[in-house]
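Peer 1: So the sequence shown is numbered by the numbering used here: it starts at 2 and just counts up by one.
The hints are simulated quantities; they were obtained by calculation from the structure and are not laboratory data.
It is possible that part of the hints are untrue.
With a Cα cut of at most 35 Å, we get these calculated DSBU-like pairs of lysine-lysine [stated by the list, open to error]: (1) K86 <-> K27; (2) K86 <-> K54; (3) K27 <-> K54.
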Amino acid sequence: MIGLWGNSEGASPVAPVSTAQVLAAKEQGYQAVLRREPDNPTALLGLADTRLKMEDLEGALVPLERLATLYPEDARVSVMVEALKQRIAEEEAGDAATQKQPAEP
């Protein structure tokens, strides 16, 4: 008789799913929606959010800029676009400064 907590015999283990895999699947899902409905605001925002979580800042900027074009009256979107552009510029400046520093022995 199998107990309440089951018998591991015959049970297939569930492989853990990484955060990166979950985010990649979400990204693909939003992209699929946007192929059918290029101006879907939920998919555009979801794609931007997912790419931000993936640390793909430039990739997140594309759907946000599309939202800003579609909804120019929405100041929140414009603020998000500008904040993201500033963050990208800061990271690029930081990368450039790091590259200029000589390597320590």
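Peer 1: Could you run down the list of hints and mark each one as holding or not?
Peer 2: Status of the hints after comparison with the structure:
Our distance criterion of 35 Å between C-alpha atoms is met by K86 and K27, whose separation comes to about 23 Å. Straight-line distance between C-alpha atoms of K86 and K54 comes to about 16 Å, which keeps the hinted pair within the 35 Å bound. Only pairs whose Cα atoms come within 35 Å are accepted, and K27 paired with K54 is accepted, the gap being roughly 11 Å.
Every hint from the earlier list agrees with this structure, and none is contradicted.
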